[in-house]
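K.L.:
Quick note, the sequences are listed as chains A and B, same order. Once you know that position 98 of the first sequence is 97 in numbering that gives the first Met the number 0, the rest is easy, because the numbers rise by one and skip nothing. Once you know that position 50 of the second sequence is 49 in numbering that gives the first Met the number 0, the rest is easy, because the numbers rise by one and skip nothing.
Derived by calculation from the structure, the hints in this document are not laboratory data. Please note that a few of the clues may not be correct.
[To be verified] With a straight-line Cα cutoff of 25 Å, these simulated DSS-like cross-link-like pairs (lysine-lysine) come out:
#, chain 1, residue 1, chain 2, residue 2
1, A, Lys118, B, Lys192
2, A, Lys7, B, Lys211
3, B, Lys113, B, Lys193
4, A, Lys7, B, Lys193
5, B, Lys235, A, Lys118
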Amino acid sequence: MKTLNIGKDFSLDPSGRFYTDGEGSGEEFREDCLKNLIESLEPNEKLQIILDDGVEAYGSSFLVEGFAGMVKHGYITSDNLLDKLEVQFTDQDFEFYKNKIIEYISQAKFNSQVYKTTK
Amino acid sequence: MKKISRKQRERDVKLGLDNRRRKKRRTSSETDSSGGSGDQSTNNWIENYRDSGLNVSISKQKRITIYLPETMNFCTEYDSTILYVLAIRRLADTNMGSSYKTYKLASVNFDNLKTISTSAALVLTAELSKWDDAIRQRLRPKVDKWDPEILKKFTDLGFFDLFQNPPLESTSSGKQSSVKVVKYIKGRCGDSKKTRILKKELTNIVGDEISKWTFLRCGLDEAITNVSHHAYPDNKGFSEEDKNWYLTGSYNNDTKQLKIVFYDQGISIPKSLPSSDVWEKALDFFSKIKIPIADRKKDEVLLRAAVELDRTSTEETDRGKGLQDLLEFIRHREEGYLSIISSKGLFKLTVHNGKETIKTEHFNNGVSGTLIIWSAVLAVKKMQSTNL
Numbered sequence: 000m001k002t003l004n005i006g007k008d009f010s011l012d013p014s015g016r017f018y019t020d021g022e023g024s025g026e027e028f029r030e031d032c033l034k035n036l037i038e039s040l041e042p043n044e045k046l047q048i049i050l051d052d053g054v055e056a057y058g059s060s061f062l063v064e065g066f067a068g069m070v071k072h073g074y075i076t077s078d079n080l081l082d083k084l085e086v087q088f089t090d091q092d093f094e095f096y097k098n099k100i101i102e103y104i105s106q107a108k109f110n111s112q113v114y115k116t117t118k
Numbered sequence: 000m001k002k003i004s005r006k007q008r009e010r011d012v013k014l015g016l017d018n019r020r021r022k023k024r025r026t027s028s029e030t031d032s033s034g035g036s037g038d039q040s041t042n043n044w045i046e047n048y049r050d051s052g053l054n055v056s057i058s059k060q061k062r063i064t065i066y067l068p069e070t071m072n073f074c075t076e077y078d079s080t081i082l083y084v085l086a087i088r089r090l091a092d093t094n095m096g097s098s099y100k101t102y103k104l105a106s107v108n109f110d111n112l113k114t115i116s117t118s119a120a121l122v123l124t125a126e127l128s129k130w131d132d133a134i135r136q137r138l139r140p141k142v143d144k145w146d147p148e149i150l151k152k153f154t155d156l157g158f159f160d161l162f163q164n165p166p167l168e169s170t171s172s173g174k175q176s177s178v179k180v181v182k183y184i185k186g187r188c189g190d191s192k193k194t195r196i197l198k199k200e201l202t203n204i205v206g207d208e209i210s211k212w213t214f215l216r217c218g219l220d221e222a223i224t225n226v227s228h229h230a231y232p233d234n235k236g237f238s239e240e241d242k243n244w245y246l247t248g249s250y251n252n253d254t255k256q257l258k259i260v261f262y263d264q265g266i267s268i269p270k271s272l273p274s275s276d277v278w279e280k281a282l283d284f285f286s287k288i289k290i291p292i293a294d295r296k297k298d299e300v301l302l303r304a305a306v307e308l309d310r311t312s313t314e315e316t317d318r319g320k321g322l323q324d325l326l327e328f329i330r331h332r333e334e335g336y337l338s339i340i341s342s343k344g345l346f347k348l349t350v351h352n353g354k355e356t357i358k359t360e361h362f363n364n365g366v367s368g369t370l371i372i373w374s375a376v377l378a379v380k381k382m383q384s385t386n387l
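Bound-form chain A, shown alone (with noise of 0.2 Å):
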């Protein structure tokens, strides 16, 4: 099982939709984070993902873009990612988070809107 745990490995303050809101983004989190994670698995190897680890929060627009942009433009299908997720947090108020997750995920599209970069 691989680890991201995203207040160490990615940003204490992951925040906004695109590259272009500033630092710690959900497309960049998902284009420079995820997907490359995601991509290093092995058949039936787990991604934990660590949620609170110094990280205060998640708005929506950075839970969507990251995790279900991820099925949208076509780099796994949700079943596929949601088999390959393992969301952990100690602060249970982070379980609405972990919900959000799921729910943005489950919801996605496959392959709806092809990925043009906002860098």
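On the provided structure of chain A, position chain B as indicated by the hints.
P.N.:
Just chain B now, kept in the frame of chain A:
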């Protein structure tokens, strides 16, 4: 609040020509919520409202002094409070490059002001900051006749840090107040990590961690993202210097009431909705809740649609979820309220004993931008009941 000298002003008029050209790019449809545009319109607006109670004096040189009222509070004195804020905005907007016949803002007098809410203080600070920026930071506050409590509040808010020309008088009132205010934070698009400063300062004045903070931070992040995406569109004549948001918080030691206030001076949520990706969902929302066509463009309706539509729409587009994040802090605390005043619309969610009520309202005079207020009581002293 007073400009330093006429000579300096004239010198800066030349420097302000760029600013003037920029303002002229704005079309008549993009004027502020007070309606109308142009020099004569501003004069008419001021005269109309002066006749109905706006306290201003007009010099022979058509220079205006605005005398703030005794109370400024968006909750209890909305109409009066917004009137003074709009007067400042209108006059500040016409200050640079308008004709000599147009009224111009000379000063804003705080001497009558006795009480001001945290949200009104933040909005006033933001508007005066905008005016100061527009006239090349030539304002100098004059505080010798200010009420000590007002002086304390604005000092705590960091109001005097705005000005390159500090007051000549002391700003130390020596007054103790039960309401502690966090120094305002001015941010740009993408500055979400600045909200950590608010958390640190609020924790200091409250003396404890704020339960469910993550949901407030989540709402603030989305408010900032919303500013980046919608508040200051490129085709509406905003310069990079205009694209600010303002944030503060306060805590009342007596009532234990916590308030967090966020303000941007953009085009407002209702005005941004028709050009945003969520407009189709809004139309779907209107048809489902049977709002008459004539009412669909009212700011309160548009605002409610923008906040609520994702809960009611089955549309699968992934945009437009962010405004709901604003609601989560109050929902998770199960007590308190969230107010969003944007242009002429109000959306207010109140949660009491875990039960939610939503109120919307239409104002005659709207906010020039979006004002978001979270209010929660951090600790309620409960009477212990005794079993007999």
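K.L.:
Each hint: holds or not?
P.N.:
Verification of the hints:
1. A:Lys118 to B:Lys192: With Cα atoms ~21 Å apart, Lys118 of chain A and Lys192 of chain B stay inside 25 Å; holds.
2. A:Lys7 to B:Lys211: Distance ~22 Å between Lys7 of chain A and Lys211 of chain B Cα, so the pair holds.
3. B:Lys113 to B:Lys193: Distance ~31 Å between Lys113 of chain B and Lys193 of chain B Cα, so the pair is violated.
4. A:Lys7 to B:Lys193: holds (19 Å)
5. B:Lys235 to A:Lys118: Holds, at roughly 23 Å.
In this structure, the one hint that does not hold is number 3.
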